[in-house]
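Engineer: Using the sequences plus the hints, can you model the full thing?
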Amino acid sequence: MDWTLKSSDRFKGAKGPVVLVILDGVGEGLGDEGDAVQLAHTPTFDALRLPGMVRSLRAHGTSVGLPSNGDMGNSEVGHNALGCGRIHDQGASLVGKAIASGTLYQSDAWKGVMQRAGQGGSVHFIALLSDGGVHSHIDHLVATLRQAASTGAKALYMHALLDGRDVPPTSAMQYVEQLEGVLSELRDAGVDARVASGGGRMSTTMDRYEAEWGMVERGWNAHVNGKASHRFASIGSAVEGLRAQSDGIGDQDLPTFVIVGEDGDAVAPIKDGDAVVLMNFRGDRALEICQAFESDDFGAFDRGRRPDVFFAGLMEYDGDLHIPRSFLIEPPTIEETMGEFLARNQVSQLAISETQKYGHVTYFWNGNRSGKFDDRSETYIEIPSDVVPFEQHPWMKAAEITDTLIAELRGGKHRFARVNYANGDMVGHTGDLRATVMAVQVLDMQLARLQKVVDELDGILLITADHGNADEMLQHGKDGSIVCEGASGAPMVKTSHTLNAVPLIIHDPNCRGQYQLAAGNPDAGIANLMATCIDLLGYVVPADIQPSLLSFKS
1 MDWTLKSSDR FKGAKGPVVL VILDGVGEGL GDEGDAVQLA HTPTFDALRL
51 PGMVRSLRAH GTSVGLPSNG DMGNSEVGHN ALGCGRIHDQ GASLVGKAIA
101 SGTLYQSDAW KGVMQRAGQG GSVHFIALLS DGGVHSHIDH LVATLRQAAS
151 TGAKALYMHA LLDGRDVPPT SAMQYVEQLE GVLSELRDAG VDARVASGGG
201 RMSTTMDRYE AEWGMVERGW NAHVNGKASH RFASIGSAVE GLRAQSDGIG
251 DQDLPTFVIV GEDGDAVAPI KDGDAVVLMN FRGDRALEIC QAFESDDFGA
301 FDRGRRPDVF FAGLMEYDGD LHIPRSFLIE PPTIEETMGE FLARNQVSQL
351 AISETQKYGH VTYFWNGNRS GKFDDRSETY IEIPSDVVPF EQHPWMKAAE
401 ITDTLIAELR GGKHRFARVN YANGDMVGHT GDLRATVMAV QVLDMQLARL
451 QKVVDELDGI LLITADHGNA DEMLQHGKDG SIVCEGASGA PMVKTSHTLN
501 AVPLIIHDPN CRGQYQLAAG NPDAGIANLM ATCIDLLGYV VPADIQPSLL
551 SFKS
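Using the numbering used here, the letters of the sequence shown correspond one by one to residues 1 to 554.
Bear in mind the hints are in silico, worked out from the structure with no lab data behind them. Keep in mind that the hints are not guaranteed to be accurate.
Claimed, not checked - PhoX-like cross-link-like pairs, simulated, lysine-lysine; straight-line CA separation at most 25 Å: (1) 452 <-> 12; (2) 452 <-> 478; (3) 271 <-> 227; (4) 6 <-> 372.
Structural biologist: Structure below.
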């Protein structure tokens, strides 16, 4: 492998730093009353959209390695694509192929699960229960439950994490009914198959980046110890009962619960001799529960008893730290990333974000690899996120990120910088339109500050996103009209990512017509940005990556 970046003959590169700004979750919507990006006052964002320096990019579906163009993008696959310049099978696509081919069930991890089942242990599945395709897919769960039953498992228990974030906010019952139908079939076949515990994904188990370990603790107590403040006879009664107790709450925020029998005891806490399978394929919200099951030196919360179980993840969520130790599917091998190319050529680079998206500009950007390629030329900065509901604090840490980024750029060390602002995605996921509009306006203020500094340093500013979210805060029907709630007639809130394109804007105060964004290739996606950034740094684009989007004046 020749890692050398050769100087380009067609463009010498920016005099100052090339700065890639990722406005997480800021896509291009329809401009209607649910489009927080268009509703926001964004004078800087608007002024930068100059002819020849702005275009749309695809950030979902096959453009980022997902099975179909009906699959919404997400921050993980988006940053993989941004950082490696290629399209790899990802998430649902990777898992679906492994299930269809049977390779998932040939893995050592699956054999370990079934060994515990053969010794009389129960098999517990923890999963986000939806078809959102971002963290999990119910079809994978159903297929694996049936496979376990067909190969001898006699006790199968589900710990269901309710979505309402990557799917409509109150859609849980459709997935509950599907799951209960499958469990009923398995019971008819002689398998003890039941739901054991659960809760909303933003209250139970699925914390990320150690932002709120209490979520994991609540999940642990429900799944393992059979303890929760809310106790119900079935998952259906849990969903309906918790909604009745919490006016207007969405599925993602429903409290943790356990399912109890007639004796009032939890029906299936995780015990010694059992197997546990985490059926989410996305890594960021899987790592902490893995550590709770596997770590010998664990201090995040008091686990009480730690049962002797065989624990497996659907995938390896961290390839360098080897979390979890056992997993059913090998992750995509993503090599020859932009980060590694720059590091091997001693091109100084900066990665910065707040905690909520720090792993995206480091681990995911680098092809699912922890750590740096080269300590001398790389600087990674994490701005700690606040533990505050995002709709109550829509500015998040945007100003602090910009403060630090500007200081770093003025220091003159960094040739390339990548920064993620999480506001559009994290606030967009709350479903609060007003707060999301404010979040987008905060982002515009940061762009104004960055533009000034980039101009001062004779640099180049690129602005894009990893997927949409804030651009579509209300549900749309197939005809494009906004869907309304049945009785109230109020517009139905949308909290998930979108299928919309994302913008690419280039601001170069010294361009003087040397280049522009090419008008062709309407299917270009965010994977094309690696080559585009390397072009702007003044190097020949490496072979075998998605082509640059720039057209240079001959």
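Engineer: All the hints need checking, so say for each whether the structure fits it.
Structural biologist: A quick look at each hint next to the structure:
1. Our distance criterion of 25 Å between C-alpha atoms is met by residue 452 and residue 12, whose separation comes to about 22 Å.
2. Of the supplied pair hints, the one linking residue 452 and residue 478 is violated, its CA atoms being roughly 42 Å apart against a limit of 25 Å.
3. Our distance criterion of 25 Å between C-alpha atoms is met by residue 271 and residue 227, whose separation comes to about 14 Å.
4. Proposed proximity of residue 6 and residue 372 is supported: the alpha carbons are some 23 Å apart, at most 25 Å.
In this structure, the one hint that does not hold is number 2.
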